[in-house]
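2 protein chains.
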Amino acid sequence: MKLSALSLAAALMAAPQVAAFAPAAKPAFATSLSSATATEFDLNEYLLSKKGPIEKALEESVDSNCPETKKICESMLYSLMAGGKRIRPVVCLAACEMFDGSDEKAMPAAVALEMIHTMSLIHDDLPSMDNDDLRRGKPTNHVIYGEDVAILSGDALLSESFKHVALNTKGVDPQRVLDVVVRLGRSVGPNGLAGGQVMDLECEAKEGVTLEELTWIHTHKTATLLQVAVASGAILGGATPEEVAACEKFALNIGLAFQVADDILDVTASTEDLGKTAGKDEDTDKTTYPKLLGLQESKDEARRLIDEAKASLEQFGDRAAPLLAIADYIVDRKN
Amino acid sequence: MKLSALSLAAALMAAPQVAAFAPAAKPAFATSLSSATATEFDLNEYLLSKKGPIEKALEESVDSNCPETKKICESMLYSLMAGGKRIRPVVCLAACEMFDGSDEKAMPAAVALEMIHTMSLIHDDLPSMDNDDLRRGKPTNHVIYGEDVAILSGDALLSESFKHVALNTKGVDPQRVLDVVVRLGRSVGPNGLAGGQVMDLECEAKEGVTLEELTWIHTHKTATLLQVAVASGAILGGATPEEVAACEKFALNIGLAFQVADDILDVTASTEDLGKTAGKDEDTDKTTYPKLLGLQESKDEARRLIDEAKASLEQFGDRAAPLLAIADYIVDRKN
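Those protein sequences? They're chains A and B, same order as listed.
Under my numbering, the first sequence has 161 at position 88, and the numbering climbs by one with no breaks.
Under my numbering, the second sequence has 328 at position 255, and the numbering climbs by one with no breaks.
Quick caveat, the hints were computed from the structure, so don't treat them as lab data.
Worth double-checking, as some hints may not be accurate.
Restraint-style ranges between C-beta atoms, simulated for each label pair [as the list claims (entries may be wrong)]: (1) A/Cys139 <-> B/Glu147: 50 to 56 Å; (2) B/Asp358 <-> A/Asp136: 49 to 55 Å; (3) B/Thr341 <-> A/Ser175: 57 to 63 Å; (4) B/Thr313 <-> A/Thr283: 44 to 50 Å; (5) A/Glu285 <-> B/Lys279: 34 to 40 Å; (6) B/Asp373 <-> A/Lys211: 38 to 44 Å; (7) B/Thr341 <-> A/Ile217: 53 to 59 Å; (8) A/Pro247 <-> B/Lys279: 43 to 49 Å; (9) B/Ala384 <-> A/Leu207: 43 to 49 Å.
Just so you know, even glycine gets a beta-carbon here, dropped at the ideal spot from N, CA and C.
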């Protein structure tokens, strides 16, 4: 049964305890890699099986050890535990698994990725940036804790992410862990999130943004971190450089598709479904894929990117089933 | 000759090219470790010998590789290359040298430390934080580039610092590099810069801040990063855990002394000497060491901390001369 994005979203909102929500047992992997396979693979069950451990690891990653750090830890956890799809941790674990690596090996990197993603959300929502009061249906960090603490909590999450992965990754060659640190570091710098965001701000101020510029922005704002998520999982699972490169190609394409889908959802979905203000792009006259390509062509582009992504993983056969199913989910989701 | 802090400051402001400023050759290390030794050691010459390579490594650490990243790299470099005493890089190199490690081994960590320090200055100066327009005699980052770009440049510097150290540290056991990553990561989190800053903000809003609270704040806002600087240098130089612990004790004490000296300078120095607004603590009714202890007792406390710091390095004999001289400089400086 192909999951509807709606039932998947419901599953992802479920409490961290997985057992009560798990459907009847199914084989973890489908048996063939035909186009039907990703459909047969039970992504819902797979995601539920990862959700509990990921939420637990995230919660344990920030721990106030004295009264003086209570407030900053509370602010960090407020945003870190505010729900969300946990797509970056999931694809990191799935990529590690594709190379027969255990979840245990990749979980610290998975947590680090979500810390970095959360930092970027906290800082993006600030009044001097996107000025958003609502995120995942809740008041944004600075609305609750003030701008100053929100900035510092983002800094702390970013910094702790590196500590977390370097300190807690066990049973992996240290040189591979350093490789993950390098990639995580790059994902926020000029050729990552922050670079993409600055270019985005520059383009907001000008007329006639091109498709190339929009693609550069989304590659760096969104795709890079997903790319690092999949590559890190692969590296920690023991992949060769060539295998890591194939994974990166996959992730770059699903990352771009993710952003095209986001732009489409901003036009087509309700604020209630999104958990954030819908129609904001049009209100702020922002350049989006639907604006440059039209809605239908944007949908076609997202599908094309996903098909290209999936082709990169053909060499891994059935072991790629979770990542292939996630790729489909990214363009079919409702929020 | 004991250097006056003024001539030292002048030396530190000198151009990166060292040769033209180098005084007549002196032995790199004094021959005994009596209290007179740190005085005999030519700190001016030592600092000048490090300044060129540090400035060069900092400049090369941020490099825009495409037109899209030009603006964020410019903003990052604006603050990174705005001068400053480079104390953290210098103590990192000096600690590495104390264990016969080359500057080459510790330089990536030295650069990472200055990137982190610069990030903290950019974010601290923001309107929602200390709201400072002037830093090192120049307009602060957000005055030039806007709040949004300043926040993102800080994020990029923080993130790139980890990439830089993990990617560029050569000839060192990877497990030691990971240890440095862990310490750098911790230095900005709840038990580091960000935690100290949040506690500082909380204390600004209340009456009757205690000496214990003030010490906690300064330990985390200031001393922790210096501690990581010295510990990282020692680790990269090949120190044993016990030797690293002795270095950390030294650095914690000089870090606290550094902050006490900063509080004293805010009262006694001019805005011109400081390169930032003097008298600001009193204007903003901030709790400082001079306010809690009085000016003379604060000076005595700074000296006591420095003496205690220096005692931690006795075991290293003459090899500790640069760090001992830096300790003295910290309480004697004029800005």
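> Does 43 to 49 Å hold as the CB distance between A/Pro247 and B/Lys279, or does it fail?
Replying inline: For B/Lys279 against A/Pro247, whose Cβ atoms are near 45 Å apart, the range 43 to 49 Å holds.
>> Looking only at beta-carbon atoms, does the pair B/Ala384, A/Leu207 fall within the given range of 43 to 49 Å?
In response: Because 55 Å falls outside the window, the suggested range is violated.
> Could one say that the CB atoms of B/Thr341 and A/Ser175 fall in the range 57 to 63 Å?
Replying inline: Given a distance of about 59 Å, which is inside 57 to 63 Å, the answer is holds.
>> Against the range 49 to 55 Å, how does the distance between the Cβ atoms of B/Asp358 and A/Asp136 compare: consistent or not?
In response: violated, 34 Å
>> Is 50 to 56 Å respected by the C-beta to C-beta distance linking A/Cys139 and B/Glu147?
In response: Violated: the Cβ-Cβ distance is about 40 Å, outside 50 to 56 Å.
> Taking the beta carbons of B/Thr341 and A/Ile217, is their distance inside 53 to 59 Å?
Replying inline: violated, 40 Å
> Do the beta carbons of A/Glu285 and B/Lys279 sit within 34 to 40 Å of each other?
Replying inline: violated, 53 Å
> Does the Cβ distance between B/Asp373 and A/Lys211 fall inside 38 to 44 Å?
Replying inline: violated, 51 Å
> Quick one: are B/Thr313 and A/Thr283 within 44 to 50 Å, going by C-beta?
Replying inline: violated, 58 Å
Going down the numbered hints, you'll see the structure goes against 1, 2, 4, 5, 6, 7, 9, while the others check out.
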